[in-house]
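A.B. asks: Sequence:
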Amino acid sequence: MAKTKTAYVCSQCGNDSPKLIGKCPACGAWNTYIEELVTKEKPGLPNLSNFASPKSKPLLLDEIKSDDEERLDMRDEEFNRVLGGGLVPGSLVLIGGEPGIGKSTLVMQIVLQLDAYKTLYVSGEESAKQLKLRAERLGHKNTSCYIVCETALEQIFTHINNVCPDIVIIDSIQTVFTEHIESSPGSVSQVRECAAAILKFAKETGTPVLLIGHINKEGTIAGPKVLEHIVDTVLQFEGDQHYMYRILRNIKNRFGSTSELGIYEMRQNGLREVSNPSELLLTQNHEGLSGVAIAAAVEGIRPFLIETQALVSTAAYGTPQRSSTGFDIRRMNMLLAVLEKRAGFKLIQKDVFLNIAGGLKVNDPAIDLSVISAVLSSSLDVAIEREVCMCGEVGLSGEIRPVNRIEQRILEAEKLGFKRIIIPNNNLKGFDTKKAQIQIISVKKVEEAFRELFG
1 MAKTKTAYVC
11 SQCGNDSPKL
21 IGKCPACGAW
31 NTYIEELVTK
41 EKPGLPNLSN
51 FASPKSKPLL
61 LDEIKSDDEE
71 RLDMRDEEFN
81 RVLGGGLVPG
91 SLVLIGGEPG
101 IGKSTLVMQI
111 VLQLDAYKTL
121 YVSGEESAKQ
131 LKLRAERLGH
141 KNTSCYIVCE
151 TALEQIFTHI
161 NNVCPDIVII
171 DSIQTVFTEH
181 IESSPGSVSQ
191 VRECAAAILK
201 FAKETGTPVL
211 LIGHINKEGT
221 IAGPKVLEHI
231 VDTVLQFEGD
241 QHYMYRILRN
251 IKNRFGSTSE
261 LGIYEMRQNG
271 LREVSNPSEL
281 LLTQNHEGLS
291 GVAIAAAVEG
301 IRPFLIETQA
311 LVSTAAYGTP
321 QRSSTGFDIR
331 RMNMLLAVLE
341 KRAGFKLIQK
351 DVFLNIAGGL
361 KVNDPAIDLS
371 VISAVLSSSL
381 DVAIEREVCM
391 CGEVGLSGEI
401 RPVNRIEQRI
411 LEAEKLGFKR
421 IIIPNNNLKG
431 FDTKKAQIQI
441 ISVKKVEEAF
451 RELFG
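The letter at position 15 of the sequence shown is residue 15 when you use my numbering, and the numbering goes up by one with no holes.
No lab work stands behind these hints, which were simulated from the structure alone.
No experiment lies behind these values; they were computed from the predicted model shown.
Hints should not be assumed to be uniformly reliable.
[Stated by the list, open to error] Computed list of lysine-lysine pairs in DSS-like fashion (alpha-carbon distance at most 25 Å, straight line):
1. K415 x K361
2. K361 x K225
3. K23 x K5
4. K141 x K129
5. K429 x K415
6. K252 x K225
7. K200 x K141
8. K225 x K23
9. K65 x K200
10. K346 x K444
11. K419 x K435
[Claimed, not checked] Simulated restraints on C-beta separations:
12. K444 x E35: 40 to 50 Å
13. F454 x S397: 42 to 52 Å
14. K435 x E273: 48 to 58 Å
15. C149 x A337: 22 to 32 Å
Even for Gly, the Cβ is constructed at its ideal location relative to N, Cα and C.
Could you put together the complete structure from these sequences and hints?
C.D. replies: Put into structure tokens, the structure is as follows:
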């Protein structure tokens with residue numbers, strides 16, 4: 001007979017304690033302990049996956065084959081890019097995002113395109129009729145896609161044994177539970193044990209598994225932090241529901257780079273891949289408008305040009321407002337301080353609003369120069385020429401620091417028809433400017449950049 005007791009488990013790292021404590025001694029998080037019923041089986045938890053594990057033995061490093069991993073083509077360029085070239089057999093991929101952002105739509109759209117692979121879509125949140133309606137709305141037909149609505153882990157493995165799929169999709173991991181643990185689905189112990197059993201199945205059979213997960217109000221994957229350690233790849237599907245663009249960002253990837261991202265456009269009939277985001281992120285009708293600067297940004301290894309918009313107005317109240325959309329508000333305050341201290345522009349009694357057009361969230365420090373240029377353009381009410389773009393990180397002393405992948409930024413600006421680009425002076429080292437068809441202007445300080453832009 002199984003013994004049941006009450007324990008307190010940290011929702012961040014999964015550490016348990018016999019009593020309620022404020023600070024977790026393992027991860028240092030505060031107020032993360034929740035009460036759960038823990039069941040201890042005398043002989044230990046059974047093998048949930050019902051697959052015999054192969055016998056292993058230690059091998060010398062020279063005896064291990066280092067051939068390239070065979071990857072499954074998902075027939076989606078953006079998804080393949082984020083995965084590092086395709087889906088690796090036996091890998092466990094976790095896709096997280098806010099409710100209603102389009103996680104299930106993205107996975108369903110990809111699955112319906114895979115005619116060459118037998119797929120099993122396990123849904124714990126929607127009925128089969130709802131999935132059928134979504135598939136009809138997406139407009140794809142697939143004769144090798146199996147749908148099952150199940151939340152019990154033991155029954156899921158039974159369906160897998162019967163179907164023998166090439167790819168398994170579970171939507172979502174927070175709804176799956178095992179009968180061997182007496183706690184509700186989505187709890188720390190349920191998520192941890194179910195994810196471990198699914199990982200064991202994926203590694204032993206070589207079947208890739210896609211898990212869909214929710215995120216909490218802090219923006220991280222819901223459930224214990226150990227869930228992100230178990231899986232091979234963690235993808236974050238993000239974007240504003242009021243905008244049409246969605247970004248698939250790579251947080252962790254054991255089989256590729258973590259600096260890749262994919263961009264999609266949400267439409268009525270599904271998600272469309274955006275192969276050239278620069279043309280969609282640039283507004284063509286800002287001729288003569290102040291407060292607009294074009295930045296040559298890089299996310300991952302993809303260069304694209306984005307529009308930085310700023311509005312500076314006299315503060316109507318005593319305390320000036322500082323607001324930023326798509327850009328770190330703390331970094332914007334730092335740039336405003338640099339603009340006031342090093343360039344001599346007084347903004348202490350001005351409201352400053354900053355927006356990255358298109359609803360994107362950009363982390364590239366190379367757009368610092370465009371941010372302060374847009375702010376200054378709005379403050380002076382002087383427009384920046386539409387044929388000029390810029391990139392450069394701004395230091396606290398007002399210097400323009402070099403950025404990475406400068407050659408790709410210049411080629412992207414040249415491809416889109418820009419005539420001039422302002423870059424940091426240190427980026428000219430080792431770069432042949434003669435092969436570029438665009439005028440390259442190098443600057444060392446923010447004052448030099450302002451003279452080039454405003455005269």
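A.B. asks: Now look at each hint and say whether the structure bears it out.
C.D. replies: Status of each hint after checking the structure:
{"no.": "1", "hint": "K415 x K361", "in the structure": "holds, 24 Å"}
{"no.": "2", "hint": "K361 x K225", "in the structure": "holds, 24 Å"}
{"no.": "3", "hint": "K23 x K5", "in the structure": "holds, 22 Å"}
{"no.": "4", "hint": "K141 x K129", "in the structure": "holds, 15 Å"}
{"no.": "5", "hint": "K429 x K415", "in the structure": "holds, 23 Å"}
{"no.": "6", "hint": "K252 x K225", "in the structure": "holds, 13 Å"}
{"no.": "7", "hint": "K200 x K141", "in the structure": "violated, 31 Å"}
{"no.": "8", "hint": "K225 x K23", "in the structure": "holds, 16 Å"}
{"no.": "9", "hint": "K65 x K200", "in the structure": "holds, 22 Å"}
{"no.": "10", "hint": "K346 x K444", "in the structure": "holds, 22 Å"}
{"no.": "11", "hint": "K419 x K435", "in the structure": "holds, 14 Å"}
{"no.": "12", "hint": "K444 x E35: 40 to 50 Å", "in the structure": "violated, 60 Å"}
{"no.": "13", "hint": "F454 x S397: 42 to 52 Å", "in the structure": "violated, 21 Å"}
{"no.": "14", "hint": "K435 x E273: 48 to 58 Å", "in the structure": "violated, 30 Å"}
{"no.": "15", "hint": "C149 x A337: 22 to 32 Å", "in the structure": "violated, 56 Å"}
The structure fails to meet hints 7, 12, 13, 14 and 15 from the earlier list, while all remaining hints are met.
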